[in-house]
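Chain by chain, the residues run as shown.
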Amino acid sequence: MLTELIRKEILEHLMSLRFAIACVLCFVVILCSLFVRLQDYDAAMKDYHENSARLKKQLADLEKGHPWSIIWGGVEVIQRPNPLKVFVRGVDPGNGMAARVNGFQPARLHRNESLNRLVQLFPAMDMVSFVGVIMSLLAIVFGYDAVCGEKERGTLRLMLSYSVPRDTVLLGKWIGGYVTLVLPFILAILAGAAVVMTQADVALTVEQWHRFAAIAGLALLFIAAVYSMAVWVSSVTPRSSTSIMVLVTIWLIAILAVPNLSPYLAQAWREGENPVEAQKAQLAVLWDLWQREVDAPMKEYDRQHGFVGEHWWENVDWNVWEGDGEKKGLKDGYERSAFEDQCETRAHRLSIEMFRKLDEKSVRSLDPQIELGRWISRVSPFSCFALAATELTDTGVLQKRQFLNQLHDYQLKLCDFAFARVAKRDQVRLERQSTDRNFDWAKETPGAPPAFVYTPPAGSEYAKAVLLDAGILTGMALVFLMLSYVSFLRYDVR
Amino acid sequence: MMLRLLIRKEILSHVLSFRFAVTFVIFLVLIFTSIYVTVNGYEQEIAEHGARVRAYQEHLKGIITQDDHDRIGWRLFWDDGKLDAVPVSALSWLGHGMQSINPIAINTYRWGAKEVDRGLTRNPLLGLLQVPDFIYVVNVVLSLLAVLFMFDAVCGEKEAGTLRLTLSNPVPRHLVLLGKWIGGYLVLMIPFLIATIGGLVYAWSQGVLAANSEQLTRIGLLLLTSCLYIAVFFNLSLFVSAATDRSATSLLVCLFLWVTFIIAVPNMAPVTAQILRETPSLHLIESNKEAVDREYQLKIDQLTQTTGELAYGKKIEQERERLEKERDARKRQWDRYFEDRKHDQFSLAKTLARTSPSGCWIFAAVALTDTGPAAHERLVAARNRLEQTYKEKCDKLEEHRRQNDWKFPEMTVEEFPALMVQNASAAQSLMDALNDMLILIILNVVCFMAAFMRFLRYDVR
Numbered sequence: 001m002l003t004e005l006i007r008k009e010i011l012e013h014l015m016s017l018r019f020a021i022a023c024v025l026c027f028v029v030i031l032c033s034l035f036v037r038l039q040d041y042d043a044a045m046k047d048y049h050e051n052s053a054r055l056k057k058q059l060a061d062l063e064k065g066h067p068w069s070i071i072w073g074g075v076e077v078i079q080r081p082n083p084l085k086v087f088v089r090g091v092d093p094g095n096g097m098a099a100r101v102n103g104f105q106p107a108r109l110h111r112n113e114s115l116n117r118l119v120q121l122f123p124a125m126d127m128v129s130f131v132g133v134i135m136s137l138l139a140i141v142f143g144y145d146a147v148c149g150e151k152e153r154g155t156l157r158l159m160l161s162y163s164v165p166r167d168t169v170l171l172g173k174w175i176g177g178y179v180t181l182v183l184p185f186i187l188a189i190l191a192g193a194a195v196v197m198t199q200a201d202v203a204l205t206v207e208q209w210h211r212f213a214a215i216a217g218l219a220l221l222f223i224a225a226v227y228s229m230a231v232w233v234s235s236v237t238p239r240s241s242t243s244i245m246v247l248v249t250i251w252l253i254a255i256l257a258v259p260n261l262s263p264y265l266a267q268a269w270r271e272g273e274n275p276v277e278a279q280k281a282q283l284a285v286l287w288d289l290w291q292r293e294v295d296a297p298m299k300e301y302d303r304q305h306g307f308v309g310e311h312w313w314e315n316v317d318w319n320v321w322e323g324d325g326e327k328k329g330l331k332d333g334y335e336r337s338a339f340e341d342q343c344e345t346r347a348h349r350l351s352i353e354m355f356r357k358l359d360e361k362s363v364r365s366l367d368p369q370i371e372l373g374r375w376i377s378r379v380s381p382f383s384c385f386a387l388a389a390t391e392l393t394d395t396g397v398l399q400k401r402q403f404l405n406q407l408h409d410y411q412l413k414l415c416d417f418a419f420a421r422v423a424k425r426d427q428v429r430l431e432r433q434s435t436d437r438n439f440d441w442a443k444e445t446p447g448a449p450p451a452f453v454y455t456p457p458a459g460s461e462y463a464k465a466v467l468l469d470a471g472i473l474t475g476m477a478l479v480f481l482m483l484s485y486v487s488f489l490r491y492d493v494r
Numbered sequence: 001m002m003l004r005l006l007i008r009k010e011i012l013s014h015v016l017s018f019r020f021a022v023t024f025v026i027f028l029v030l031i032f033t034s035i036y037v038t039v040n041g042y043e044q045e046i047a048e049h050g051a052r053v054r055a056y057q058e059h060l061k062g063i064i065t066q067d068d069h070d071r072i073g074w075r076l077f078w079d080d081g082k083l084d085a086v087p088v089s090a091l092s093w094l095g096h097g098m099q100s101i102n103p104i105a106i107n108t109y110r111w112g113a114k115e116v117d118r119g120l121t122r123n124p125l126l127g128l129l130q131v132p133d134f135i136y137v138v139n140v141v142l143s144l145l146a147v148l149f150m151f152d153a154v155c156g157e158k159e160a161g162t163l164r165l166t167l168s169n170p171v172p173r174h175l176v177l178l179g180k181w182i183g184g185y186l187v188l189m190i191p192f193l194i195a196t197i198g199g200l201v202y203a204w205s206q207g208v209l210a211a212n213s214e215q216l217t218r219i220g221l222l223l224l225t226s227c228l229y230i231a232v233f234f235n236l237s238l239f240v241s242a243a244t245d246r247s248a249t250s251l252l253v254c255l256f257l258w259v260t261f262i263i264a265v266p267n268m269a270p271v272t273a274q275i276l277r278e279t280p281s282l283h284l285i286e287s288n289k290e291a292v293d294r295e296y297q298l299k300i301d302q303l304t305q306t307t308g309e310l311a312y313g314k315k316i317e318q319e320r321e322r323l324e325k326e327r328d329a330r331k332r333q334w335d336r337y338f339e340d341r342k343h344d345q346f347s348l349a350k351t352l353a354r355t356s357p358s359g360c361w362i363f364a365a366v367a368l369t370d371t372g373p374a375a376h377e378r379l380v381a382a383r384n385r386l387e388q389t390y391k392e393k394c395d396k397l398e399e400h401r402r403q404n405d406w407k408f409p410e411m412t413v414e415e416f417p418a419l420m421v422q423n424a425s426a427a428q429s430l431m432d433a434l435n436d437m438l439i440l441i442i443l444n445v446v447c448f449m450a451a452f453m454r455f456l457r458y459d460v461r
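Quick mapping for you: the protein sequence lines, in order, are chains F and R. Sequential numbering of the first sequence, starting at 1, is according to the working numbering. Sequential numbering of the second sequence, starting at 1, is according to the working numbering.
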């Protein structure tokens with residue numbers, strides 16, 4: 001009996017205009033947006049390759065040069081574009097983050113200047129927005145008259161005059177409608193995946209394909225939740241025009257209003273760190289530290305070692321190793337430089353650690369706001385899907401923080417490399433006891449600066465981030481289905 | 001008389017319907033919540049801007065009042081520079097526009113300027129979705145409600161059998177259509193205007209909306225444009241309704257058009273333009289500029305070697321200066337090339353987005369709230385001016401220092417150049433928005449005429 005009912009529903013939907021429209025929308029929009037995002041990814045990859053070659057050369061040059069150029073000039077760091085961004089845009093419109101890391105400023109991400117500025121007004125369409133807006137609307141269109149529409153046409157009365165249990169009728173309607181609704185979506189997604197597979201540049205790993213499959217699974221759950229809601233509303237309203245109005249109202253609130261408003265409401269109710277205070281604290285770090293760790297000890301050093309006058313180097317005869325009573329020699333100059341380097345190294349290291357602490361404080365102060373925003377938005381199934389999909393594709397908050405954390409680690413590693421070379425130079429010069437002041441950095445302190453390699457969060461982190469949202473979506477789908485069942489049992493078919 | 005009767009009938013049938021009640025509630029809830037949220041955000045931004053201005057002034061004062069003049073020079077020219085807070089647009093609470101790409105401050109040094117953004121103090125989730133401001137609500141919610149109001153205007157009456165009855169009386173068809181249009185439009189727009197005025201009163205009570213002619217003109221024009229925009233979807237749905245026999249079919253077609261015009265076309269425009277008019281990457285431009293640097297460094301080194309002198313002396317200084325100027329000009333050429341290509345791409349994206357009424361509405365609205373591309377360009381121009389004037393100021397200070405035993409003169413915070421962003425007048429904004437308003441008017445006329453033509457031949461049986 002159930003098979004018969006499902007077959008009837010599927011045939012009815014397959015021959016309807018709504019199915020044709022669903023097919024057109026799924027194939028045209030998914031493939032067009034994928035094509036556009038693939039082109040965007042190609043451009044990002046081209047940019048990445050060009051940039052990598054340039055940065056490799058820069059790193060090689062740094063090996064030959066003075067290490068302070070790393071501290072003051074810094075090194076540019078780029079992240080390889082994420083191929084999963086062809087499916088999900090995430091929290092940042094660009095693909096592949098970039099930053100400049102040096103020894104005197106906090107590590108900050110660059111803005112993608114090549115990006116078309118209009119993206120701010122018209123954000124590009126991706127799988128999340130397609131599923132969230134278009135598929136949910138289609139789910140409503142497929143389900144708004146599932147029960148009341150049949151009542152209006154009189155066919156429900158006819159059907160129930162036979163010995164068909166109501167639960168089987170509802171289940172048949174649900175399964176038949178859902179299958180025809182997701183069929184064009186699944187086919188379009190498979191076509192999209194096939195297109196991606198043919199692209200040599202977008203080489204997704206097995207793990208990334210698994211994640212893509214997980215997103216598709218979440219999308220099916222999301223569609224099931226919205227479709228169940230539509231069937232429920234249809235079984236509590238007597239007319240299809242009332243049903244569509246109620247559903248569109250719920251759709252406007254749940255899909256468009258709640259997710260968009262939630263971060264702003266959270267911002268209004270839970271303030272993060274005051275950005276002005278955060279900036280003031282950062283501005284103060286370097287000069288305060290510099291005065292304490294470099295200026296004061298150097299003044300003391302000069303006083304103790306008899307470096308008088310405004311310019312200490314005027315006290316040194318640079319052509320003799322040991323000085324006489326009147327003038328100091330090269331040895332004294334080198335010793336002073338070595339002490340100064342030690343002080344500066346300490347100041348830079350401390351400032352980097354301070355910057356990191358300040359950054360961590362800013363991030364921590366935002367956590368309650370982000371969490372509140374997430375919880376408010378979880379009223380909407382769209383938010384659950386969007387949050388889970390961004391984390392799964394490594395384009396969400398988790399990944400951004402991971403990148404920043406690794407950037408901080410790299411900053412320390414890079415500066416330690418530069419400081420070690422300076423210390424080595426100071427040691428070599430004093431040991432050599434020569435008046436030849438030339439120093440070959442590449443020969444005397446060999447070694448290339450460390451390169452930055454981004455490691456994505458571990459699989460368990462993703463599972464943790466996604467499980468809750470997947471659970472909520474499943475719960476919503478089941479609750480709405482149960483509500484439809486209860487309402488349909490009491491539905492007046494006359 | 002007849003028209004008035006028809007309008008009255010339409011208004012009554014709508015007002016007594018369930019959809020009117022739902023529409024009213026949606027307008028009240030969404031418009032008011034949106035204005036509440038954006039007004040709060042705006043107040044926070046204004047407070048932050050004030051605090052930032054004060055903090056930057058104190059910071060600059062701290063630098064210029066130091067005793068160590070070497071350190072003043074070092075910090076003023078190279079390390080700290082001067083910080084200027086970027087002002088917030090007065091109507092950004094109605095439409096955020098392109099404000100999110102604006103930096104919060106400009107940090108100017110002797111060598112140039114860089115932008116300071118919100119960094120880690122910004123909630124990253126804000127980047128995932130769009131700002132739910134008034135422009136967004138009108139763009140998405142109002143257009144959808146317009147579609148829902150009109151999708152069964154003609155075919156629904158046919159299904160109910162009332163159209164046949166109406167037309168059996170001596171009523172001209174154009175009057176019936178006009179009556180439907182005016183009645184339906186008034187019923188949709190009145191709750192919208194009531195909710196919007198309520199929101200504006202809230203903004204005024206919070207001190208965010210200044211009741212001056214400039215702002216009131218802008219808001220008036222914004223409301224007028226929103227009426228034009230809604231009318232486009234009203235007419236489009238009327239046309240679809242007059243071209244279909246069943247309201248279920250009409251609803252599907254209308255929703256399909258809505259998705260196409262609101263979601264698909266405008267959102268694909270920027271990326272499509274990126275593909276059709278590729279711009280070179282910024283890194284490529286930087287590489288080329290670095291190559292120019294290397295080429296001129298070689299020339300300067302050669303100059304020193306061929307003269308057999310040290311790199312000092314008036315003649316060599318002059319030649320070096322000439323080469324440096326030439327180098328800077330060539331680097332600027334690369335910057336200009338990049339900007340021109342970006343501008344071309346931007347223009348194409350604008351044209352593509354304008355193929356949808358949603359694109360026209362957004363462009364007109366951001367122009368009227370002064371948060372659009374024009375406002376962004378004025379900020380960039382102000383930044384460039386500041387960069388130039390700050391460099392000149394630093395050069396002057398350095399010259400003074402050189403001539404006065406490396407001592408700076410007495411300095412005050414006020415004597416330093418500041419970021420001066422010119423605001424567009426309401427008339428200028430209107431000129432920016434005019435093209436899009438005209439497109440909306442044309443679309444209205446075309447859709448209404450198409451609906452009229454279809455209705456004249458409509459089979460009411």
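Hint data in this document are derived by calculation from the structure and do not stem from the laboratory. Don't be surprised by glycine CBs; every beta carbon is placed ideally from N, CA and C. Hints may be right or wrong, so weigh each one.
[Said to hold, decoys possible] Which bits of chain F does chain R cover? Going by a derived footprint, with three or more residues having C-beta under 8 Å, they are: (1) 44 to 52; (2) 80 to 92; (3) 125 to 133; (4) 280 to 293; (5) 450 to 461.
Status of the hints after comparison with the structure:
1. Requiring three or more residues with a Cβ within less than 8 Å of a Cβ of chain R, the coverage given for the stretch 44 to 52 of chain F holds, as 4 such residues are present.
2. A stretch counts as covered by a chain when three or more of its residues have a beta carbon under 8 Å from one of that chain; for the stretch 80 to 92 of chain F and chain R the count is 3, and the coverage holds.
3. Three residues within the 8 Å Cβ limit are the bar, and the stretch 125 to 133 of chain F against chain R gives 3, so the coverage statement holds.
4. Given a C-beta distance limit of less than 8 Å, the hint that chain R covers the stretch 280 to 293 of chain F holds, as 4 residues qualify and 3 suffice.
5. Using a Cβ-Cβ cut-off of 8 Å, 0 residues of the stretch 450 to 461 of chain F lie near chain R, which falls short of the minimum of three, so the contact claim is violated.
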